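Chain A is already provided as a structure; the job is to place chain B on it using the hints.
Letter by letter, the chains look like this.
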Amino acid sequence: MAGARYVITSILVSLAMTGAGPVRAQTPAKLPVVATFSILADFARNVGSDRINVAALVGPDGDTHVYQPKPADAKELGAARLIVVNGLGLEGWIDRLIKASGTKASVIVATKGINPQQMREEGRIGPDPHAWQSIANAKIYVANIRDGLIAADPAGEAAYRANAENYLGKLDTLEAEVKREITKIPPGRRQIITTHDAFGYFGTAYGFRFIAPEGVSTETEASARDVAKIIRQIKARKIPAVFLENVTDPRLVRSIAAESGAAVGGTLFSDALSPPDGPASTYIDMMRNNIRELAAALAN
Amino acid sequence: MHDLLIAPFAEFAFMRRALAGSIALAIAGPPLGVFLILRRMALTGDAMAHAILPGAALGYLAAGLSLGPMTLGGLAAGLIVAVGSGVVARTTVLREDASLAAFYLISLALGVTIVSLRGSNIDLLHVLFGSVLALDDATLILLAMIASLTLAALAALYRPLVLETVDASFLASVSKSGGPVQIIFLALVVLNLVGGFHALGTLLAVGMMMLPAASARLITEDMTAMIGLAAAQGILAGYAGLIVSFHAGLPSGPLIILMAGLLYLLALVFGPAGGLLRRLKPGRHLEA
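Quick note, the sequences are listed as chains A and B, same order. Under this note's numbering, read the first sequence as residues 1 to 300, first letter to last. Under this note's numbering, read the second sequence as residues 301 to 588, first letter to last.
Don't read these hints as lab results, they were simulated from the structure. Quick caveat: nothing in here was measured; it's all calculated off a predicted structure. One or more hints might be untrue.
Unchecked claim - Stretch by stretch, here's where chain B covers chain A in the computed footprint (C-beta under 8 Å, at least three residues): (1) 227-240; (2) 253-260.
Said to hold, decoys possible - Calculated pairs, SDA-like style, for lysine to any residue (alpha carbon to alpha carbon, straight line, at most 25 Å): (3) A:K104 to A:P127; (4) A:K235 to B:R316; (5) A:K229 to B:D437.
Stated by the list, open to error - Which chain B residues face chain A? A few, computed with CB under 10 Å, are given here: (6) P308; (7) F312; (8) S431; (9) L435; (10) F470; (11) L550; (12) L566; (13) F570.
Note that CB positions come from ideal geometry on N, CA and C, so glycine has one too.
Here chain A stands alone, though its shape is the one from the complex:
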């Protein structure tokens, strides 16, 4: 259903951009913006509002780490005026895709100006790309996207500034809410196991320990030794809960939980938003969903 609607909108948009263009000179076509994944698209939508058309290459529930670009993506990039990428090595495939598409769009790296945390990936230390998991960083994302939009579409500067101001205010409220919820969890219980090591920034910002049974990347397959290590760790540290994410194998987490006696928490969203009817269809809903799930599993 969503697919059909999307097709219809793109047909309408291309009509508006071609045949109908000159006739409706007063209302210029919307600025075509492409974001690499759903969370960046949500930021861009909030700042650009009705002046832009945002498409995400990796849609809801998709895994950006192992995404395989489709020919339609190159086409999408070719038509775009602005491309929003996360950077910090999250989208290993984007540089070649941009080159292949021959697009003239300018590229914004949304993490520009963020001080990256380091993380261990397959034995090597590298920057952790999941910077949006701290709301303070999300505000930098929004500022970068705002500046990029203004550069690409100077006529909309006032609108972009006002929208961004409004959205940054909402993020401040969200951050206060998250911090308030965390005070309800006893400090000794602020640690969980989760399948995908994507909450490093969240942990640093809000005083949580996230322990992952796999490395940062969802590409690697767990060995018996890794699983055994995790189970020993849960028992030794008395970690109260194990969480599933929306992108990795839930069977492994359930089997670890069953063996270690930890509770299985709800779903935390890390790398992708949920579809529109899900509990985390926007960034703000995602952070709310995550803190609510954490509080529910850990509060007593």
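For chain B alone, coordinates are given in the frame of chain A:
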């Protein structure tokens, strides 16, 4: 010694589950592999494993990563390909191998397309590679049921199956059971591959079926001993793979198949019934 070989299973339930699952797979799969090899259908297992994919993918699309729909879908797709290629082979000029190749390639392409419809591609890896470390009760029961059913069916069909394997025209002259036996046999192969893909994934499940069988064929010419040896090697490979995965920190599914491969290489060199070293002396004929 105890720490090295037994402690991992004593300490961790997931290791015991993985071992139980591998044993269930090894009891039923390799004996089927023996028949496949003796019928010169060694690559059929591989073809069938790919043929399962669209059914499993449809089940996955309908209900996510859940046991029932994926099993039923895989079973249905495998049977359609098995029966369909059999019918084509009997009614057209195409031989069995050519029609099977055609059917499984279509099936595989369909499967990859269906999986990609979902948009999230990570899960395809779990369909293709499974997870022997994450066997829950329902999956273990399914594997045990498949193993029991396979053994019972093999016992009941043993005589016509062996006859059809060694001398199909003789069986055709004394009985009409050849056709049904062939279909039931292929159905058992599909059933075991579907069970195997939950634990090892579609690609590795074939390895568990074929490698111990090929190795057993190199060690003995006696049909009954071959079946027993194949199952025993499967179990040994399952155990050794898990132990090495535990101590070396390597993924378990591929390690199990590598261990089966190692046993095969040993048999290839030292096998008393056609191994490289024995090849210099004349051997006995195959007994049924």
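We went through each hint and held it up to the structure:
Proximity of the stretch 227-240 of chain A to chain B, defined as three or more residues with a beta carbon under 8 Å from a beta carbon of that chain, is established by the 3 residues found. Look at the stretch 253-260 of chain A against chain B: 5 of its residues bring a Cβ nearer than 8 Å to a Cβ of that chain, three or more, so the hint holds. At roughly 28 Å between alpha-carbon atoms, K104 (chain A) and P127 (chain A) are farther apart than 25 Å, so this suggested pair is violated. A hinted pair counts as satisfied when its Cα atoms are at most 25 Å apart, and K235 (chain A) with R316 (chain B) qualifies at roughly 18 Å.
Among the hinted pairs, K229 (chain A) with D437 (chain B) is consistent with the structure: their alpha-carbon atoms are about 22 Å apart, no more than 25 Å. With 10 Å as the threshold, the beta carbon of P308 (chain B) comes within range of chain A, its nearest partner Cβ sitting at about 7 Å, so the hint holds. For F312 (chain B), the interface hint holds, since its Cβ comes within 10 Å of a Cβ in chain A; the closest pair sits about 6 Å apart. At about 6 Å, the closest approach between the beta carbon of S431 (chain B) and any beta carbon in chain A falls short of 10 Å, and the interface hint on this residue holds.
Residue-level restraint check for L435 (chain B) holds (minimum Cβ-Cβ distance to chain A is 7 Å; threshold 10 Å). Interface hint status for F470 (chain B): violated, as the beta-carbon distance to the closest one in chain A is roughly 48 Å, over 10 Å. Checking L550 (chain B) against chain A by beta carbon gives a least distance of about 5 Å; that is within 10 Å, so the hint holds. Evaluation of the L566 (chain B) hint against chain A yields a violated restraint, the C-beta minimum of about 24 Å exceeding 10 Å.
Interface restraint check for F570 (chain B): the shortest CB-CB distance to chain A comes to about 29 Å, outside 10 Å, so the restraint is violated.
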